[in-house]
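> Starting from the known structure of chain A, fit chain B onto it as the hints suggest.
Residue-level listing of the chains:
2 protein chains.
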Amino acid sequence: MLDKKYLKAFKKIVGDDNVYDDKAHMIAYSYDATRTRYEPDAVIFPRDEDDVSKILAYCNEHAIVITPRGAGSGFTGGALPANGGIVLAMEKYMNKIIEIDLQNMLAIVQPGVINMDLQKHVEELGLFYPPDPASEQYSTLGGNVSENAGGMRAAKYGITKDYVMALRAVRPNGDIIRAGKRTIKDVAGYNVAGILIASEGTLAVITEITLKLLPKPQFAKSYMAVFPSVDNAMNAVFKSLAAGANPVAMEFIDSLAVKAIKEKLGVELPEDAGALLIGDVDGNVTEEVAFQIETLQNSFKENGCSAFLVAEDTKEREEIWYARRNVSQCVTVYGSKKLNEDISVPRSLLPEALKEIYKIGEKYGFSVPCFGHAGDGNIHVNVMVDGSDEKQLSDGHKAIEEIFQLVVDMGGTLSGEHGIGLSKAPFMDIAFSKEESQLFADIKKAFDPNNILNPGKMGL
Amino acid sequence: MLDKKYLKAFKKIVGDDNVYDDKAHMIAYSYDATRTRYEPDAVIFPRDEDDVSKILAYCNEHAIVITPRGAGSGFTGGALPANGGIVLAMEKYMNKIIEIDLQNMLAIVQPGVINMDLQKHVEELGLFYPPDPASEQYSTLGGNVSENAGGMRAAKYGITKDYVMALRAVRPNGDIIRAGKRTIKDVAGYNVAGILIASEGTLAVITEITLKLLPKPQFAKSYMAVFPSVDNAMNAVFKSLAAGANPVAMEFIDSLAVKAIKEKLGVELPEDAGALLIGDVDGNVTEEVAFQIETLQNSFKENGCSAFLVAEDTKEREEIWYARRNVSQCVTVYGSKKLNEDISVPRSLLPEALKEIYKIGEKYGFSVPCFGHAGDGNIHVNVMVDGSDEKQLSDGHKAIEEIFQLVVDMGGTLSGEHGIGLSKAPFMDIAFSKEESQLFADIKKAFDPNNILNPGKMGL
Numbered sequence: 000m001l002d003k004k005y006l007k008a009f010k011k012i013v014g015d016d017n018v019y020d021d022k023a024h025m026i027a028y029s030y031d032a033t034r035t036r037y038e039p040d041a042v043i044f045p046r047d048e049d050d051v052s053k054i055l056a057y058c059n060e061h062a063i064v065i066t067p068r069g070a071g072s073g074f075t076g077g078a079l080p081a082n083g084g085i086v087l088a089m090e091k092y093m094n095k096i097i098e099i100d101l102q103n104m105l106a107i108v109q110p111g112v113i114n115m116d117l118q119k120h121v122e123e124l125g126l127f128y129p130p131d132p133a134s135e136q137y138s139t140l141g142g143n144v145s146e147n148a149g150g151m152r153a154a155k156y157g158i159t160k161d162y163v164m165a166l167r168a169v170r171p172n173g174d175i176i177r178a179g180k181r182t183i184k185d186v187a188g189y190n191v192a193g194i195l196i197a198s199e200g201t202l203a204v205i206t207e208i209t210l211k212l213l214p215k216p217q218f219a220k221s222y223m224a225v226f227p228s229v230d231n232a233m234n235a236v237f238k239s240l241a242a243g244a245n246p247v248a249m250e251f252i253d254s255l256a257v258k259a260i261k262e263k264l265g266v267e268l269p270e271d272a273g274a275l276l277i278g279d280v281d282g283n284v285t286e287e288v289a290f291q292i293e294t295l296q297n298s299f300k301e302n303g304c305s306a307f308l309v310a311e312d313t314k315e316r317e318e319i320w321y322a323r324r325n326v327s328q329c330v331t332v333y334g335s336k337k338l339n340e341d342i343s344v345p346r347s348l349l350p351e352a353l354k355e356i357y358k359i360g361e362k363y364g365f366s367v368p369c370f371g372h373a374g375d376g377n378i379h380v381n382v383m384v385d386g387s388d389e390k391q392l393s394d395g396h397k398a399i400e401e402i403f404q405l406v407v408d409m410g411g412t413l414s415g416e417h418g419i420g421l422s423k424a425p426f427m428d429i430a431f432s433k434e435e436s437q438l439f440a441d442i443k444k445a446f447d448p449n450n451i452l453n454p455g456k457m458g459l
Numbered sequence: 000m001l002d003k004k005y006l007k008a009f010k011k012i013v014g015d016d017n018v019y020d021d022k023a024h025m026i027a028y029s030y031d032a033t034r035t036r037y038e039p040d041a042v043i044f045p046r047d048e049d050d051v052s053k054i055l056a057y058c059n060e061h062a063i064v065i066t067p068r069g070a071g072s073g074f075t076g077g078a079l080p081a082n083g084g085i086v087l088a089m090e091k092y093m094n095k096i097i098e099i100d101l102q103n104m105l106a107i108v109q110p111g112v113i114n115m116d117l118q119k120h121v122e123e124l125g126l127f128y129p130p131d132p133a134s135e136q137y138s139t140l141g142g143n144v145s146e147n148a149g150g151m152r153a154a155k156y157g158i159t160k161d162y163v164m165a166l167r168a169v170r171p172n173g174d175i176i177r178a179g180k181r182t183i184k185d186v187a188g189y190n191v192a193g194i195l196i197a198s199e200g201t202l203a204v205i206t207e208i209t210l211k212l213l214p215k216p217q218f219a220k221s222y223m224a225v226f227p228s229v230d231n232a233m234n235a236v237f238k239s240l241a242a243g244a245n246p247v248a249m250e251f252i253d254s255l256a257v258k259a260i261k262e263k264l265g266v267e268l269p270e271d272a273g274a275l276l277i278g279d280v281d282g283n284v285t286e287e288v289a290f291q292i293e294t295l296q297n298s299f300k301e302n303g304c305s306a307f308l309v310a311e312d313t314k315e316r317e318e319i320w321y322a323r324r325n326v327s328q329c330v331t332v333y334g335s336k337k338l339n340e341d342i343s344v345p346r347s348l349l350p351e352a353l354k355e356i357y358k359i360g361e362k363y364g365f366s367v368p369c370f371g372h373a374g375d376g377n378i379h380v381n382v383m384v385d386g387s388d389e390k391q392l393s394d395g396h397k398a399i400e401e402i403f404q405l406v407v408d409m410g411g412t413l414s415g416e417h418g419i420g421l422s423k424a425p426f427m428d429i430a431f432s433k434e435e436s437q438l439f440a441d442i443k444k445a446f447d448p449n450n451i452l453n454p455g456k457m458g459l
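For the protein sequence lines, the chains are A and B, in the order given. Residues in the first sequence are numbered from 0 upward in steps of one, following numbering that gives the first Met the number 0. Residues in the second sequence are numbered from 0 upward in steps of one, following numbering that gives the first Met the number 0.
Chain A on its own, in the form it takes in the complex:
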């Protein structure tokens, strides 16, 4: 419970209508995609950067903790007010596309803009914003930057950090800072934007984002390749890329997930479909698209591909993508609760990583269907358990821990795109040495000495 005097002070800053502590608001701002709940003590809707600055300065002075929040669509609890205090909700007012600079091909947006709204807006202007997290329909760009969101197109086009040219942000003491410029190159001063990206709202509150845009590629096709086994498919992934293929997306679905799709969606696939690779290629000229398709097809065939389909028009492309887009809901045939992690390994180790992950599943008696962004080595591992069975839940978490250890031992990472937040905080010691953790703590302290910004996240 926050003292009433604090609420009064907040109302003085942002107006009576933009501060709430009623039960309805507390519930509405208590959850995210992890389905874990923590109620805040109050929700504040800042109207602009100046509001953010004043609120932070006040909270810093009075040791009130703050959790910045976009759409609350994160998978690791980054937007959960785990220690109560204030939720700073950016989606109500700070949701404007401020400028599309056609001449310099960039967009300036507020953090509450929904990813897909920007994508649609710039595509109408012949431009292209590539980062497309699965949450693109509802996640905000502020959240995307804070978690360094990836997506399907990362194989060719990279992730959110590759598009952030500049940020404006507010430090916990209320200081407004600019980081980066509306220029392609800028090496003056520390790369503050670089450290704010993926910092999960623990260092500063982002108030404005300048994003690089690309010309929209003119031609594209989709492909689906069928492999007899996951091993074949995973070998095909890194070998085709090393052979010079540069697909926009290269998604995979493993044997268990393929089986679940057949069962749940009735999708017709070849008898021997043990694994699928699905993706897009694009280019400015049709010959580049043809080159990409040919490079993929040749390399896939050398690695046991039994069928290679190419979709020419929108309808065919949607059919090819149907399986991938719906796989997440299908795997529930293996268990009522999905313990879903987004580990990432060097691409050449995908075959071995999957073999070992299945072994861990077998040891505990769980099905572990996997799918995801094979083109960049980022796979979604789903340990399927009976959610009503305490023993299974506990074993499931043990399996996850073993998977994390395996991945780190292979030179991989706990998270390719979801972040650490609360859910993966207990595993930070697997991934980082005590010296590395100390450096994180030192960085946190430099930005936020009173630890008011999103405390408890990332193990900090």
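Careful: at least some of the hints might be erroneous.
[What the hints assert, rightly or not] Each computed BS3-like pair below joins lysine-lysine, with the alpha-carbon atoms no more than 25 Å apart:
no. : chain 1 : residue 1 : chain 2 : residue 2
1   : A       : Lys238    : B       : Lys211
2   : B       : Lys215    : A       : Lys215
3   : A       : Lys215    : B       : Lys300
4   : A       : Lys155    : A       : Lys238
5   : A       : Lys215    : B       : Lys433
6   : B       : Lys433    : A       : Lys53
7   : B       : Lys238    : A       : Lys215
8   : B       : Lys22     : A       : Lys211
9   : B       : Lys53     : B       : Lys95
10  : B       : Lys238    : B       : Lys155
11  : A       : Lys155    : B       : Lys354
12  : A       : Lys444    : B       : Lys433
13  : B       : Lys336    : B       : Lys390
14  : B       : Lys53     : A       : Lys433
15  : B       : Lys95     : B       : Lys261
16  : B       : Lys336    : B       : Lys354
17  : A       : Lys300    : B       : Lys215
18  : B       : Lys444    : A       : Lys433
19  : A       : Lys263    : A       : Lys314
20  : B       : Lys119    : A       : Lys238
21  : A       : Lys211    : A       : Lys119
22  : B       : Lys444    : A       : Lys444
23  : B       : Lys211    : A       : Lys155
24  : A       : Lys215    : A       : Lys119
25  : A       : Lys238    : B       : Lys238
26  : B       : Lys119    : A       : Lys211
27  : A       : Lys119    : B       : Lys238
28  : B       : Lys261    : B       : Lys337
29  : A       : Lys155    : B       : Lys358
30  : B       : Lys358    : B       : Lys336
31  : A       : Lys211    : B       : Lys238
Hints in this document: simulated from the structure, not taken from any laboratory.
For chain B alone, kept in the frame of chain A given last:
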């Protein structure tokens, strides 16, 4: 002068043969490309990361300042031991290409590897490392990372930071840290690699670099476009890019520089050649190369281009590039000393920026020939003065300061690729607010509380 007991301690760490304090070494390690000189008290050649760790820990304990150094080819004094102490010279031992991982398309190198050595090595394997600073023949990758070096190919392929996947580094207290992974995606923990890039050796000593490689594009052509005026050429730059062109390089040479080239090199150019754009396009298929050439040509013609030449083979390409490669030495026809700055502005403001820069030159009576990386908005501004005339030198520096103010007012940056170092440190207040400078100081303190690493650089 360092106390002899310190030298003894260093020799115990790295061996007698790797610590020097004789005059010859002090002179050899006193300079960089700024032609400013500061002698250190000793030069140490660490053999490996362990040596670096022990030396740093010792210096941290005894408050001995350290300047890490690669090739000493920087333009802003980043590698100069401005406060004496130790130069930590990485080029002698820590100069190995540790691994080329063909399957994951990445290189792991020590900081003392020369940029061009890596480029050549990976090109023989069909791969491609794009960042190509003008110093590529001698600058080291550790220096490239520390300054976030750019180059000609940045227009299409980006700069050093776009290729750094992971770093190993040593903090001033001797702690060895890893930042990033051998994976495309990694969002676990703070983006420490992101803040080490461009930190000019002030936060940690980089001991290992993992760099992303690309498949080598199969086809390329070079172009040269002649414009009647700088204004035409600068308009053509941003308009062609907004029209969808994606050239590898788009370099410009202004009227004064063109005149100097004609005079000094006797290069034949059309009578009305007021400004040139020179560059490369590439692709996996010839049609993509043709598409790029056509897009450029159409857009250039709409902006007054009077001649457009395309070079097909290596010999023709070298001819086209001859003017650009030699322009730097030609502009000395306008003055014995060149005050050379590498400002960067949003590309659409290039025409206006150049107009204003020439006005500043006129005001002081100096020729200011400009050339550089127009495709990314990064231009090399050369205020030409008589180096033996104190008044001219002093006025020249005033002109530079006015140019910096102009650029910052236009949303640009003091440095597109050379860094701040010592030379631009006096101008940090033009570019950054006191809150931003405070944040830089806080970051510095978090990494290096005793201020032993490269003190005085970046105004810190």
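> Determine for every hint whether it applies to the structure shown.
Here is how each hint holds up against the structure:
In summary, the hint linking A:Lys238 to B:Lys211 is supported, as the alpha carbons are separated by about 16 Å, within the 25 Å threshold. Note on B:Lys215 and A:Lys215: the hinted pairing holds, with a Cα-Cα distance of about 23 Å set against a maximum of 25 Å. For the given pair, A:Lys215 sits about 23 Å from B:Lys300 by alpha-carbon distance, which is consistent with the 25 Å threshold. Of the supplied pair hints, the one linking A:Lys155 and A:Lys238 holds, its CA atoms being roughly 15 Å apart against a limit of 25 Å.
Restraint check: the Cα-Cα separation between A:Lys215 and B:Lys433 comes to about 40 Å, which exceeds 25 Å; the hinted pair is violated. Under the criterion of a C-alpha separation no larger than 25 Å, the hint pairing B:Lys433 with A:Lys53 is consistent with the structure, at around 18 Å. Annotation: proposed proximity of B:Lys238 to A:Lys215 holds, straight-line Cα distance about 15 Å (limit 25 Å). With a C-alpha separation of about 50 Å, the suggested pairing of B:Lys22 with A:Lys211 is violated against the 25 Å cut-off.
For the suggested pair B:Lys53 and B:Lys95, the alpha carbons sit about 21 Å apart, so the restraint of at most 25 Å is met. Pair hint B:Lys238 plus B:Lys155 holds up; C-alpha atoms about 15 Å apart against a cutoff of 25 Å. The suggested pairing of A:Lys155 with B:Lys354 is violated, with an alpha-carbon distance near 38 Å, which exceeds 25 Å. Distance restraint check for A:Lys444 and B:Lys433: the Cα-Cα separation of roughly 19 Å lies within the 25 Å cut-off, and the hinted pair is therefore satisfied.
With a CA separation close to 13 Å, the supplied pair B:Lys336 and B:Lys390 stays within the 25 Å bound. Between B:Lys53 and A:Lys433 the CA atoms are separated by roughly 18 Å; this keeps the pair inside 25 Å, and the hint holds. Between B:Lys95 and B:Lys261, the direct Cα distance comes to roughly 42 Å. Violation of the 25 Å bound is thereby established for this hinted pair. Between the alpha carbons of B:Lys336 and B:Lys354 the distance comes to roughly 22 Å, so the proposed pair stays at or under 25 Å and holds.
Restraint check for A:Lys300 and B:Lys215: the C-alpha separation of about 23 Å stays at or below 25 Å, so the hint holds. This hinted pair checks out: B:Lys444 and A:Lys433 have alpha carbons roughly 19 Å apart, not beyond 25 Å. For the hint linking A:Lys263 to A:Lys314, the alpha-carbon distance of about 21 Å falls within 25 Å, and the restraint holds. Distance check on the hinted pair: B:Lys119 and A:Lys238 sit about 23 Å apart at the alpha-carbon level, within 25 Å; holds.
Distance hint between A:Lys211 and A:Lys119 is fulfilled; the C-alpha atoms sit about 15 Å from each other, no more than 25 Å. Taking the CA atoms of B:Lys444 and A:Lys444, the gap is near 10 Å; set against the 25 Å cutoff, the hint holds. Taking the CA atoms of B:Lys211 and A:Lys155, the gap is about 13 Å. The hint holds against a cut of 25 Å. The suggested pairing of A:Lys215 with A:Lys119 holds, with an alpha-carbon distance near 12 Å, which does not exceed 25 Å.
Proposed proximity of A:Lys238 and B:Lys238 is contradicted: the alpha carbons are some 39 Å apart, above 25 Å. For a cut-off of 25 Å, the pair hint linking B:Lys119 to A:Lys211 is broken: about 31 Å separates their Cα positions. Proximity of A:Lys119 to B:Lys238 is assessed by CA-CA distance (about 23 Å); at most 25 Å being required, the pair is judged to hold. This hinted pair checks out: B:Lys261 and B:Lys337 have alpha carbons roughly 19 Å apart, not beyond 25 Å.
At most 25 Å may separate the alpha-carbon atoms for a hinted pair to count; A:Lys155 and B:Lys358 exceed this at roughly 44 Å. Taking the CA atoms of B:Lys358 and B:Lys336, the gap is about 20 Å. The hint holds against a cut of 25 Å. Note on A:Lys211 and B:Lys238: the hinted pairing holds, with a Cα-Cα distance of about 16 Å set against a maximum of 25 Å.
Hint check: violations occur at hints 5, 8, 11, 15, 25, 26 and 29; the rest are consistent with the structure.
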